[in-house]
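Enquirer: Listed in order, the protein sequences are those of chains A and B. Under our numbering, the first residue of the first sequence carries the number 7, and numbering increases by one thereafter. Under our numbering, the first residue of the second sequence carries the number 7, and numbering increases by one thereafter.
These are computed hints drawn from the structure, not numbers from a lab. Predicted model only: the values in this text are computed from it and were never measured. Wrong hints could be hidden among the right ones.
Because identical chains share one entry, a pair is satisfied inside a single copy or across any pair of copies.
Under the rule of at most 30 Å between Cα atoms (straight-line distance), these lysine-lysine pairs were calculated in the DSBU-like manner [said to hold, decoys possible]: (1) K653 - K630; (2) K398 - K275; (3) K579 - K366; (4) K604 - K653; (5) K366 - K275; (6) K252 - K549; (7) K648 - K97; (8) K652 - K97; (9) K630 - K604; (10) K652 - K101.
Number of protein chains: 2
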Amino acid sequence: MGYTDLDWKAINSIRMLAVDGTFAANSGHPGAPMGMAPVAHVLFQKIMKFNPKNPKWVNRDRFVLSNGHACMLQYSLLHLYGYSLSLDDLKQFRKVDSITPGHPEAHDTPGIEVTTGPLGQGIGNAVGLAMAQAHTAATFNKDGYPVVDNYTYCFLGDGCLMEGISSEVSSLAGHLQLGNLIAIYDDNHISIDGNTNCAFTEDVPKRYEAYGWHVVTVGDGDNDLDSIEAALKECQAVKDKPSMIKLRTTIGFGSLKAGSHDVHGSPLKAEDIKQFKEKFGLNPNEPFAVPQEVYDYYGEQAAAGAAAEEEWSQMFSKYAEAYPAEAADLKRRLTGELPKGWEKNLPTYTPSDSAVASRKLSEIVLTKIEGSLPELVGGSADLTGSNLTRWKDSTDFQPPSTGLGDYAGRYIRYGVREHGMGAIMNGLSAYGTILPYAGTFLNFVSYAAGAVRLSALSQVRNIWVATHDSIGLGEDGPTHQPIETLAHFRALPNCMVWRPADGNETSASYYVALTSKHTPSIIALSRQNLPQLEGSTLKNAIKGGYTLHEEEGADVTLVSTGSEVSICVDAVKTLASQGLKARVVSMPCMEVFDSQPKEYKLTVFPDGIPIMSVEPMSTMGWEKYSHEQFGLNRFGASGPYKDVYKKFEFTPEGIAKRAAATVEFWKGNTIRSPVNRAFQQII
Amino acid sequence: MGYTDLDWKAINSIRMLAVDGTFAANSGHPGAPMGMAPVAHVLFQKIMKFNPKNPKWVNRDRFVLSNGHACMLQYSLLHLYGYSLSLDDLKQFRKVDSITPGHPEAHDTPGIEVTTGPLGQGIGNAVGLAMAQAHTAATFNKDGYPVVDNYTYCFLGDGCLMEGISSEVSSLAGHLQLGNLIAIYDDNHISIDGNTNCAFTEDVPKRYEAYGWHVVTVGDGDNDLDSIEAALKECQAVKDKPSMIKLRTTIGFGSLKAGSHDVHGSPLKAEDIKQFKEKFGLNPNEPFAVPQEVYDYYGEQAAAGAAAEEEWSQMFSKYAEAYPAEAADLKRRLTGELPKGWEKNLPTYTPSDSAVASRKLSEIVLTKIEGSLPELVGGSADLTGSNLTRWKDSTDFQPPSTGLGDYAGRYIRYGVREHGMGAIMNGLSAYGTILPYAGTFLNFVSYAAGAVRLSALSQVRNIWVATHDSIGLGEDGPTHQPIETLAHFRALPNCMVWRPADGNETSASYYVALTSKHTPSIIALSRQNLPQLEGSTLKNAIKGGYTLHEEEGADVTLVSTGSEVSICVDAVKTLASQGLKARVVSMPCMEVFDSQPKEYKLTVFPDGIPIMSVEPMSTMGWEKYSHEQFGLNRFGASGPYKDVYKKFEFTPEGIAKRAAATVEFWKGNTIRSPVNRAFQQII
Ligand SMILES: [Ca+2]
Ligand SMILES: [Ca+2]
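So here's chain A without its partners, still in its complex pose (with noise of 0.2 Å):
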């Protein structure tokens, strides 16, 4: 409280920035800024707790902007406080290589916590974040000393109310009684089709509280900060829901055009720069002209968080005096290293083991592993009892009211809320102090494209735990059959995708995945047994890619992933029956086979010899190793899957047929490797 004319300079300076930024890139969108500035000061001045020299600092608050388009706001903040994002970079706002890209990146900018922009994405990461701090508090908070304490608020507009994901994670966060996350709704009645009275007429105060939040209204963003600084206090003592402040604002306050849709999405025009910096004092004939005064108010503000970060040290440091284990363990976490000799705990396994299938699998790998890996916090969207992602006695993150489980639990329920699953887990993963991973069928991953996207371009680390991962989940049809699925998350870049064949290779799958800092991944799992292959091992698999069964003088190479790869090894025994000779690739990930160095692929592909794929789903993308594709490109059936994979002929004879064929094709032909290319592919 007590607001001055200097918080109204800052104000306006923060809007004069978006203003500028915009202009200079001739690009972007001023007005959410412009509307936002009063409530971000406030939130930033008054509530918020940060340090600009260490963005990183694990007690920070964290701020996540949804409505990720309004970004000049964020990065003008940023400037303002000192982060380590100039004027220059301001100024280089939407060009090629600049660390202020059009929507907010977090493995560009320091200071921004997640990559936000497609709608609805940042309040599902901000829900993640609210619910890793309220797990590293129930995991490392002792009596007396508040680890971490921290809030995380939240900007979102209309468009991010309007997708479906933020009810999915709104609804999960009431469930959870996040008091720990507060969300401000920019209420400015414009999306970019005009008002909003022409697609969104809900009542968004109701629809929160239905999901059990606390709701607050604000009537006059635009001028009471007062009232403003006071919802937010209001928010902060509601300990046991999450918060929303439905905030009346004008979009693109100042402007000759605010209030309307043409301040959405273009810059100002000049004269309406002028009059706007006139209106607010500034001076209307230099660009980016922040008051010095503004600088030293929010440098105030920048100090108090450096001393607030070095307080927290203090205590930190007392804290590893009384709980070196914890302190130690905090610490570690935080680097993204794994904990030395986890990986001794994975699981191998000799052909005479017997027949599993690959979600079980990934099961007793999770039940191995969790004891040495206390990042580890898993979940389902509602699969549970399919998906096989609940070690035994694992303990449930809820509420402690519900009586069933509390916030150390490291198993959290979802619900059927894939696509809010993933977002969520991205927020999970940006607050730095959890490695998640969760289950759903294969198919349903798709639910959740928007939030994978988002994953594999912030570079975080996730493992989606995808099972029923083919036609081989048999009855339930192709509905749930996937087809596309494979091709789609191995053509998105920095996304692994694997699909183990057998014991040896889940193991493998985990360890990459586990051991890729900046990667996203998705494990493909079989329903049906697999029987344990000769030949694989960790070694081999990890290379992504390698040569499972040898053979002096074959006619044909079959390479092939997953539960097909033991149906390819029987396959050889009926070619051999026709007098041919086969070698089997078993493929495991094909981004990670693509990084081995040439000669090795070349031992794998070697010249000289057709190669046939054999996967049951979209040849797409196979054709890049190998002459011939054996696929199904069409949708799948219902049946028991036996019937079903006889029906597509994925059997040792089917794919002798085609393998034999392939070698008739190319007889007589020079067969290049595939591994061979012209020129190096950007990546």
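For chain A, the structure is supplied; the task is to place chain B with the ligands on it using the hints.
Expert: What follows is chain B with the ligands alone, placed relative to chain A:
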């Protein structure tokens, strides 16, 4: 009202068929059918209007099973009412090539309106069906001639309500005041993970009231048939809001494990079936034994439905006399055939016409054809001005009371709800009188992946106008620039992906999309201007791929799509200056090209010439048509689009450099056209 023992015998017969069907399949979900049999009985026997002998009668009430795993309920009803679904078909439940697959598939089974199972889709389809009814009524009904006045009923469970897509479509349905939509929420407190209290504790009635729905609660859905009927009638009477009935039921009612998760997804044990049948007076020794009196009872309602259609037909005959044009239009629409000569309105271009963005070319197509295609109903996910999906002077589809449009309006304001939009389009298509298209950025079609997949599986004709289709969108940056998206949907069976290079190809895209009655299409369109190409014609482009630029004795073939085709044409000149001859192939649609005769394809990709593909996104899939690939297997960059193209070398020079490397690399090798294959794919 006035329910008798016969009603209960009928209800228990439904339960029995679900029990015996899942037992025979040794797979499936008996619990929900057993719990929902009472409401299904009341709805079908007392409320709904349908004629089993003509499942396509346009004015039938629509029934959607959004919790599609409960399909034995729907199959049983269809059988009992005399649809073309025999007792043998029920016995073949979940068997290969039966018409009773594990989840309902509309194209497989008479009486199934839409394909459901993936949770949340059905309620979206139901909203689309209700919107279609409102639009069709507003377009065709006349005083005294209620050509369509049907309701849409939808069963849904907790899983559907947790999925974000249900929020998107329900919020829109409330906004649209769809009084013809009645959803019945099976509140059985059980999901796969156990009791819903572990993840789903929101206040559903309050949430739906917040969306603007009328909500009724029935406390005893197991026994209280009168209250169920009263609730349904109350909802029918509410004309300006969609309605939800929250119905408390017991999952697996009648089983020893009633009310528990154990009856959700597995058949009952033999002894449980025995006690169930004995308890309800059914023959415990014979499976699938429906009492004749139950058939007779349901037969009465079937006969009433046939009579209702007969009465409607007489009314429609008179309507056809009074309004011959309207009647003819409606009849034609129901066949799926377009009006004769509509295609004459498609614009064509010559190279002297100016460069235009293909999103703008798409707008020109829509503007030119909308007059001749009255069934075309468009929309956009809040990006109308960017997608250019609305022709000038279009009327919005809105409740008249909003003053923003009317139900005869042909432009839908979907809001920022891509997934919901996709499911609604599936419902609009399924109604039979509408050909829907809708716009968003290509990158955000991924948000709707679940719905697009079901468009393809259920063989409906929808069109996605997917603008901002590459790094060419420029400043919005990597969060918005698709990399994996084309590969994803190209890999999806029965879904055409178009990426036209200029005006003629844009017209061709629409021509094929609009005339493919059983296939959805995604048309990827540029933000930036594209020149009209020499060699592009409608006739060429509808082949999916064709030789745009031929060159005698060519050293290399360049194959490209969309905005990069003209850059390849420029690269030909660069290569010529280096003494290399290049051909250019334009490939606007791989799926359509694939369907051409081999001889034609070999003229496009002749043997002996190396082929290099050019597309600034994932190279996945291009190996099928080329020996080398120039693409972008990483995320894009934020900046003015020309700078972004330059950064990644998608310039004539960058293409020429790689083309020269391709020529060099393949020199001295026998080069087979990739069109040659050893065997036929399964499609
Ligand atoms: Ca990938
Ligand atoms: Ca396709």
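Enquirer: Compare the structure with each hint and give your call.
Expert: Here's how the hints hold up against the structure:
Taking the closest pair of Cα atoms, K653 and K630 come within 30 Å of each other both inside a single copy (27 Å) and across two copies (25 Å). For a Cα distance limit of 30 Å, the shortest separation of K398 from K275 across copies, 26 Å, qualifies, whereas the shortest one inside one copy, 63 Å, does not. Taking the closest pair of Cα atoms, K579 and K366 come within 30 Å of each other only inside a single copy of the chain (28 Å); across copies the shortest separation is 58 Å, beyond that limit. For a Cα distance limit of 30 Å, the shortest separation of K604 from K653 across copies, 27 Å, qualifies, whereas the shortest one inside one copy, 38 Å, does not.
In this assembly of identical chains, the alpha carbons of K366 and K275 lie at most 30 Å apart only when taken from different copies (24 Å versus 61 Å within one copy). Proximity of K252 and K549 under a CA criterion of 30 Å is satisfied in neither setting, with 52 Å inside one chain copy and 53 Å between copies. Taking the shortest Cα distances, K648 and K97 sit within 30 Å of each other only across copies (19 Å), while inside one copy they are farther apart (62 Å). For the homomeric pair K652 and K97, the shortest alpha-carbon distance between copies (21 Å) is at most 30 Å, but the shortest distance inside one copy (62 Å) is not.
For the identical chains of this complex, K630 and K604 are neighbours both inside a copy (14 Å) and across copies (22 Å), given an alpha-carbon limit of 30 Å. In this homomeric assembly, K652 and K101 come within 30 Å of each other (Cα to Cα) only across copies, at 13 Å, whereas the closest approach inside a single copy is 55 Å.
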